[in-house]
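Quick note: the sequence shown uses numbering that gives the first Met the number 0, first residue 0, plus one each step.
Incorrect hints may have been included.
What the hints assert, rightly or not - Just the calculated beta-carbon pair ranges, DEER-fashion: (1) Thr17 x Glu85: 17 to 25 Å; (2) Val108 x Glu29: 30 to 38 Å; (3) Asp62 x Gly30: 21 to 29 Å; (4) Val108 x Thr33: 32 to 40 Å; (5) Gln96 x Gly30: 27 to 35 Å; (6) Glu20 x Glu59: 18 to 26 Å; (7) Val35 x Gly94: 13 to 21 Å; (8) Glu61 x Gln96: 27 to 35 Å.
These aren't lab readings, by the way, just hints derived from the structure by calculation.
Don't be surprised by glycine CBs; every beta carbon is placed ideally from N, CA and C.
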Amino acid sequence: MSTETAAGTDPEIQVSPTAAEQAIDLLEGEGLDTDVAGLRLFVQQGGCAGLSYGMRFDDEPEDDDTVYEHHDLRVFVDPASMRYIEGSQLDFEGGLQGAGFHVENPNVVSECGCGESFRT
């Protein structure tokens, strides 16, 4: 297996404690083993600015994924997505407008008005 684990190095993807706690709660709610399973963060074509973020839970990383571990949460990123999101911070925001995960991406040069899609 060639999955690269980035724990212990200067991580290219950071995760806030709040985001990790929320994701772990959701993983456990799905009955997934948090020692193996994790949150997949990826970029896909779509949205008015061209690219959008995607997130889902995976049972385990793919062979070519980079795996980050922050606050006991495993985050899986595929090589194609990495070039768009390296250096990003995953956070969780709550509030009256709705709660959810949010990616702070230093590579973004423009976003759509709603913040759902971006261009690098």
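Each hint tested on the structure:
With their beta carbons about 22 Å apart, Thr17 and Glu85 fall inside the hinted range of 17 to 25 Å. Distance hint check: the CB atoms of Val108 and Glu29 are about 35 Å apart, consistent with the given range 30 to 38 Å. For Asp62 paired with Gly30, a C-beta distance near 24 Å keeps the hint of 21 to 29 Å intact. Remark: the range hint 32 to 40 Å for Val108 to Thr33 is upheld by a beta-carbon distance near 35 Å.
Look at Gln96 against Gly30: about 30 Å separates their beta carbons, and that is inside 27 to 35 Å. The hinted window of 18 to 26 Å between Glu20 and Glu59 holds, with their beta carbons roughly 21 Å apart. At about 32 Å, the CB distance of Val35 to Gly94 disagrees with the hint of 13 to 21 Å. For Glu61 paired with Gln96, a C-beta distance near 34 Å keeps the hint of 27 to 35 Å intact.
Hint 7 from the list above is the single one not met by this structure.
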